[in-house]
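Line by line, the protein sequences are chains A and B. If you read the first sequence in my numbering, its first letter stands for residue 17, the second for the next number, and so on. If you read the second sequence in my numbering, its first letter stands for residue 490, the second for the next number, and so on.
Take the hints with a grain of salt, since some may be wrong.
Said to hold, decoys possible - Computed spacing ranges between beta-carbons, pair by pair:
(1) Asp509(B) <-> Asp82(A): 42 to 50 Å
(2) Arg99(A) <-> Asp509(B): 26 to 34 Å
(3) Arg99(A) <-> Gly644(B): 54 to 62 Å
(4) Asp82(A) <-> Ile495(B): 19 to 27 Å
(5) Leu840(B) <-> Thr105(A): 30 to 38 Å
(6) Glu637(B) <-> Thr105(A): 49 to 57 Å
(7) Ala92(A) <-> Pro504(B): 50 to 58 Å
(8) Thr105(A) <-> Val784(B): 19 to 27 Å
(9) Thr54(A) <-> Glu637(B): 50 to 58 Å
(10) Asp82(A) <-> Glu555(B): 29 to 37 Å
(11) Leu840(B) <-> Glu77(A): 53 to 61 Å
(12) Pro504(B) <-> Arg93(A): 25 to 33 Å
Stated by the list, open to error - Take a look, some chain A residues computed to stay more than 10 Å from chain B by CB distance:
(13) Gly39
(14) Gly55
(15) Gly61
(16) Glu72
(17) Arg89
(18) Glu103
(19) Lys107
(20) Arg110
(21) Ile111
(22) Gly112
(23) Arg115
(24) Leu116
(25) Gly117
(26) His118
Simulated from the structure, these hints should not be mistaken for laboratory data. Note that the Cβ used here is the ideal one computed from N, Cα and C, for glycine as well.
Spelled out, the chains give:
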Amino acid sequence: MGTKRLGRTQDPTLMVLTSLTGGPKHGYGLIQDIEEMTGITLGPGTLYGVLARLEEEGFIEALEADDRRRPYRITARGAAVLRERLETTAKVARIGLRRLGHLGT
Amino acid sequence: MRTHRIVDLALACYPAWWRDRYQDEAQALAEDLHGRGTRDWGVVANLLRGALAARLRASAMPRRTELWMARTRSSVTLATLPWLIVLPIALAITTSHHVITYNGFPQASLTGSARVASDSYSTMQSMVLVGFGVAFFGWIALTGGIRESHGMRRGHVVALSYVPVLSFAAVLGLFLARMTQISNGGHSHGATFVATGGNPAAAHALLIALWSVFVVGMLASVASVIVVTRRAQLPILTLRSGMWVAIVMAIVLTVMAASAIAWGIALGGQPNAPIYTSAGLVRFVGASWWLTAAVPLTFAAFLSAAGAFEARRAWRVTAWLVDPSEATFEQSRTVVRDKWVPVLVLLGGFLVLVGWFVGIALLWSSQTWRLRDKLLGTLLWPGGLVGVSLMGLAGSRVCGTSGGPGQPTIEHCTTSGFVPPIAVGITILAAMVAVPIIVAVHLERVRRASQQSAVMERRNVSGSHGLELTSSDGRGAP
Chain A
17 MGTKRLGRTQ
27 DPTLMVLTSL
37 TGGPKHGYGL
47 IQDIEEMTGI
57 TLGPGTLYGV
67 LARLEEEGFI
77 EALEADDRRR
87 PYRITARGAA
97 VLRERLETTA
107 KVARIGLRRL
117 GHLGT
Chain B
490 MRTHRIVDLA
500 LACYPAWWRD
510 RYQDEAQALA
520 EDLHGRGTRD
530 WGVVANLLRG
540 ALAARLRASA
550 MPRRTELWMA
560 RTRSSVTLAT
570 LPWLIVLPIA
580 LAITTSHHVI
590 TYNGFPQASL
600 TGSARVASDS
610 YSTMQSMVLV
620 GFGVAFFGWI
630 ALTGGIRESH
640 GMRRGHVVAL
650 SYVPVLSFAA
660 VLGLFLARMT
670 QISNGGHSHG
680 ATFVATGGNP
690 AAAHALLIAL
700 WSVFVVGMLA
710 SVASVIVVTR
720 RAQLPILTLR
730 SGMWVAIVMA
740 IVLTVMAASA
750 IAWGIALGGQ
760 PNAPIYTSAG
770 LVRFVGASWW
780 LTAAVPLTFA
790 AFLSAAGAFE
800 ARRAWRVTAW
810 LVDPSEATFE
820 QSRTVVRDKW
830 VPVLVLLGGF
840 LVLVGWFVGI
850 ALLWSSQTWR
860 LRDKLLGTLL
870 WPGGLVGVSL
880 MGLAGSRVCG
890 TSGGPGQPTI
900 EHCTTSGFVP
910 PIAVGITILA
920 AMVAVPIIVA
930 VHLERVRRAS
940 QQSAVMERRN
950 VSGSHGLELT
960 SSDGRGAP
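So that you can see chain B by itself, here it is in the shape it has in the complex:
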C-alpha cells in the first residue's frame, strides 16, 4: 500500500490534462511492474522525470484552446513573478549608495574598474525603473483583459488585481511621509551627532513600516497575481500583451543580473570601497553583499527567460487554435519584424539605447535565430555600435600648454585610464567596431536562409503530412 501511495504522489505531479487522460493506465502499469518485481523507486523516479517533462515541454498537451490559453497565462506569470520577488533585493541594492559632493573634484577621475562599477550600478538603477514601467503596463493590460472577460467571479478577480497597485501606493505614501521626517543635516556636539530638523526616531519607524508593508505587499501581490492568472479567462489580445511583458521583463532581469555581477567584480575585493565620480565621492553601502544580491537576480533571470520562451511558444499555439488565419497573419508580421532585428541590434543604440533593447526583444522572441545567434547578438556588444563607445577601453589624454613671454612653452598632458599607442589603439578600435557589424551581417544571413527554407518548405510540404516521427514540441501547429 505504501508503494501505491508513492506512485500516486508521483502521478499527482503530472499536469491535470495528463492525469485526466493517462493516470488510471499508468497506475495499472505501475502495479503490473510492481507485481513482477521491478524496483518501485525506479518506477517513481521515471514517473517524476516524465511529470517534469510534461510540465516543462507540454509536448503532448492536446491542442485545446483553453489548455493552451492557461499555459500562456502560467508562462507569463512564471516570467514576471521573479521580478516581483527579487524587487526588495534590487531596491535595497540600488538605493544603497551615498554621494558626498566635493567641489573641485577632477572631472576625468572616473576610470577603469571605478567606471565599470559606476556604469553597472546606474544600469541596475535604470533597469529597476524600466521594470516598474513594464510591470505597470502589464497590470493595465491585465485589468483591461479581466474587464473584457466573462464566466467567472469578475468582482473578486478585479479586486485581487488591485493588490499590487495598492501595495505600491501604500509604500509610496510611507516613503513620502518618511521624507518629511528626515533631518536636514546636523552637527557634532562632542561625541554626539545632533540632527537638524525632522524627527529621526519617526523617520526610522517609518522606514521599518515601509519595508514591512513592502515585503507583505510583495508576498500578497505574488499570491494575487497567481490566483488572477489561474482564474481569469483572458482575451487573446491580453495574452499577446502578456507575452510581450514576459519577454521584456526577462530582458530587464537578465540585464539587471549581468549588471550586478559586473558591479561586484568591478568593485573587486574592496567591499564598501568608495569610487570617485565627477559628482563627488560615491560610497556603496550594500557593496559587501553584492553576491547575495547577484545570485537571486541571476536565478530570477533564468526563471524569467524560461517563462518568456514558453510564453512565446504557448501564445503562438493559442493564436493558431483561436484563428489559424490570424496566426498566419501574425507569422507574416514576424517576418517583417525579423527584418529590423539586425539593424536595431547594430544601430538601435543610437536611439537613446531604446532601439537596441527593442532589437534584442525581437531577436529573443523570434524563432528565426537559434540560441547561439541570440547570445551573439546580445553579447557582442551590448548596445551595438554605441556599446563600443561605452566600454571605456581607451582612457583620456588631456594636454595643455603653459609658459609666458620669454619663457619656453611647456606642454602638460594628463593621462587617465589605459591609453595604448595610437597604432594599437586604432587597430583595437577597428576590431571592436567590426565585431557588431559582423554579428549583424551574420544575423541577416541567418534570417535570409531561414526565410528561403520556409518558402521551400511551404512548396515541398503542401499536400504531404509534414510531420516528423519525433516531432514533440507543439511547434508544428502554427
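Isolated chain A, as found in the complex:
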C-alpha cells in the first residue's frame, strides 16, 4: 500500500546475504528463497550483479560448481557486516513501531 513511495527499501544485497545465512545456494536457489522470504523475484542480471560485487568484497565465496550451477556461501566477514546492518535495521524497526504505537495508528 504505497510503500514504493518510500523509495527502495528492499536491498537485493541484504536479501542475498540473508538468504545465504540459511546455507550455501546457487543462483536459482537464491531466487526461490528470496521469493519465499519477500515475495520479490530478482532477475538474473540483478542477482549476478550483487553476487559479483559481494564476491569481490569478500562477503561471499564461490564453492565447487555442480554442472554449471555454482553455489555460494557467506564468509565470516560477510556475516559480521550483515549482523551489523540487521541490528541497525532492527533497532530502527523497534523504535518506529513503538512510536507508531504511541500515535495509535
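With the hints as your guide, set chain B onto chain A.
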C-alpha cells in the same frame, strides 16, 4: 532454442571479465527460469540492464592490474574520441564567417546580444585551437608510451598511432595548396563576377579534396585510436597523462557546446544576420544550422565528461594496484592540489584565463567536491572575477563637450547597451562580484570539511574492515 539465442546475445553484452566468470552460471539460471515459465523477455531485459551496469560502473570488476589499466585506456578513449568525431562540425562552424571591413565604423557598436554572439563565437574558435593542442599533447604521450611498452606488435601499433597526424598533415597541405589558388578579389562585369588572380576552379576542387581527406582521415584516426588503445599496454605514467588529457578535453568540449548554444541563442531568430564589431561587419554563414552543430557538440560533451570521470576513477584504482605507496603519495598530492582550487576558480582568470581553466580541471578531477559544488564552481561565474567584467552587463556611456568662445558648452553623451541608474548599477555589480567570492568560500569550506573527515576516518577505521555493505564503486581501493 530461439530463447537461448536471445539470452546468449544479452550475455554477450557483458564485459569479458564478467563473461569469463559468470556466463555459464547465468545461462543455467536463465534456463531454470525458462523452465518454470518466467517470461524470457523479462529475463533478457534484466540481463541487458545488468550488462549496462557492469560496463558503466565496473563495480565488481576484479582488482587485477591489467583489467583496470584496460579500463583506464578505454575511458580515456571515450573522453577524447568525441572531440575527433565532432571536429568537422566544429571546424565548419568556426570558419563560417566573413568579416567585411568598414572604415570609420563606430568603435562602441558591439552591444547586447551581438556582443554575446561575437564572444561566444570567439570562444568556440579558441576551444578548437585548445582542443588541437590537447590532442597533440595526448598523441605525444601516447606514442612515447607505446615506445616504452613491450609484449605486442609494436611496429603495427606505432604505425597506427601516426594515422591521425598524417591525416592532419595531408589536410594542412591541401589547405595551403588551396590558399595559393584563391583569387585576390575581383570585379563585376555586367552580371558576371570576374576573379582576379588564382584559379577558382582549382581552389574549389582543392576544397572538396580537403574535406574528403579530412572526413576519411578523421574516420581512420578514430579507428586507429581505438585499435591502439585496445592493444597497447601503456605504462602507468602514460595512463596518467591520458587521464589528464581526458579531463581537459571534456572541459574543452563542454565550453565549446555551451558557447555554441549561447551563440545560437544570441543570434536569436535571425539566422545569417550580420553583427557589427569594431572590426567591421561580421556575417556568420553557418548561423542557420547552429542547432545542428549544438546538438552533437552537447552530446559529445556529455560523452566526454562521462569518459573523463571514469578515466579518473579507473586510473586511481590502477595506480593503487600498481603501487599502493605511490597511490598514497598521489592522494597527498591531490590534497595539495585541492588547496589551489578555490583560489584559481576565483582569481585564476587574471592569468590570461588559463588559471581559471586549470582551476576548473582540478575541481572536476577531484573527489573532494560533489557534482553540485563542481557545477557551482564552474557556472558562477565562468572566469571567476574576470568573468564578471566579461559579461557585458553594463553598457558604455561616452560623453564629450562642444561649443566655442561665446557659445554655451553642450555636453553630448552616447549610450550603448543597458546602462542602469548608478545606484542600481553599483548594487548589481556588487552582487555579481559577491557571487564568485561566496562560491570560492563554499568550495574552501567543503575542502576543509572533507580533509577533516578524511583524517577522522583514518583514525577511526584503522584496524577495522572499513567496508560498507553496499560499497560498489571500487573507490574503496585507493
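Status of the hints after comparison with the structure:
Judged by the Cβ atoms, the range 42 to 50 Å given for Asp509(B) and Asp82(A) is violated: they are separated by roughly 19 Å. Under the hint 26 to 34 Å, the C-beta atoms of Arg99(A) and Asp509(B), about 33 Å apart, fit the expected range. Between Arg99(A) and Gly644(B) the C-beta distance comes to about 58 Å, which sits within the given range of 54 to 62 Å. Against the hinted window of 19 to 27 Å, the Cβ-Cβ separation of Asp82(A) and Ile495(B) comes to about 26 Å, which satisfies the hint.
Distance hint check for Leu840(B) and Thr105(A): the Cβ-Cβ separation is about 53 Å, which falls outside the suggested range of 30 to 38 Å. For the pair Glu637(B) and Thr105(A), the supplied restraint of 49 to 57 Å holds, since their beta-carbon distance comes to about 52 Å. Separated by about 30 Å at the C-beta atoms, Ala92(A) and Pro504(B) break the suggested range of 50 to 58 Å. Range check, Thr105(A) to Val784(B): Cβ separation about 47 Å, and the 19 to 27 Å hint is violated.
At roughly 54 Å, the beta-carbon separation of Thr54(A) and Glu637(B) lies within the given 50 to 58 Å, and the hint holds. In this structure the hint that Asp82(A) and Glu555(B) lie 29 to 37 Å apart at CB holds, the actual value being about 31 Å. About 55 Å separates the C-beta atoms of Leu840(B) and Glu77(A), a value consistent with the hinted range of 53 to 61 Å. A C-beta distance of roughly 26 Å is found between Pro504(B) and Arg93(A), which places it inside the suggested range of 25 to 33 Å.
Listed as a non-interface residue, Gly39(A) keeps its Cβ farther than 10 Å from every Cβ of chain B; the least gap is roughly 18 Å. For Gly55(A), the requirement that its beta carbon stay farther than 10 Å from each beta carbon of chain B is met, with the minimum near 15 Å. Look at Gly61(A): its CB is around 3 Å from the nearest CB on chain B, not clear of 10 Å, so calling it non-interface is violated. Listed as outside the interface, Glu72(A) is inconsistent with that label: its C-beta sits roughly 5 Å from the nearest C-beta of chain B, within the 10 Å cut-off.
Here Arg89(A) stays apart from chain B, with its beta-carbon at least about 15 Å from theirs, past the 10 Å limit. Here Glu103(A) stays apart from chain B, with its beta-carbon at least about 12 Å from theirs, past the 10 Å limit. Consistency note on Lys107(A): stated as away from chain B, and its beta-carbon is indeed over 10 Å from all of that chain's, at 16 Å minimum. The claim that Arg110(A) lies off the interface holds: its Cβ sits roughly 20 Å from the closest Cβ of chain B, which is beyond the 10 Å cut-off.
The Cβ of Ile111(A) sits about 21 Å from the closest Cβ of chain B, beyond the 10 Å cut-off, so the non-interface label holds. Every CB of chain B lies more than 10 Å from the CB of Gly112(A), the least distance being 20 Å, so the non-interface label holds. With a minimum CB-CB distance of about 26 Å to chain B, Arg115(A) clears the 10 Å threshold, and the non-interface call stands. With a least CB separation of 26 Å from chain B, Leu116(A) remains clear of the 10 Å interface cut-off, as annotated.
The Cβ of Gly117(A) lies farther than 10 Å from every Cβ of chain B, with a closest approach of about 29 Å, so its non-interface assignment holds. Residue placement check: His118(A) keeps its beta carbon more than 10 Å from all beta carbons of chain B (closest about 31 Å).
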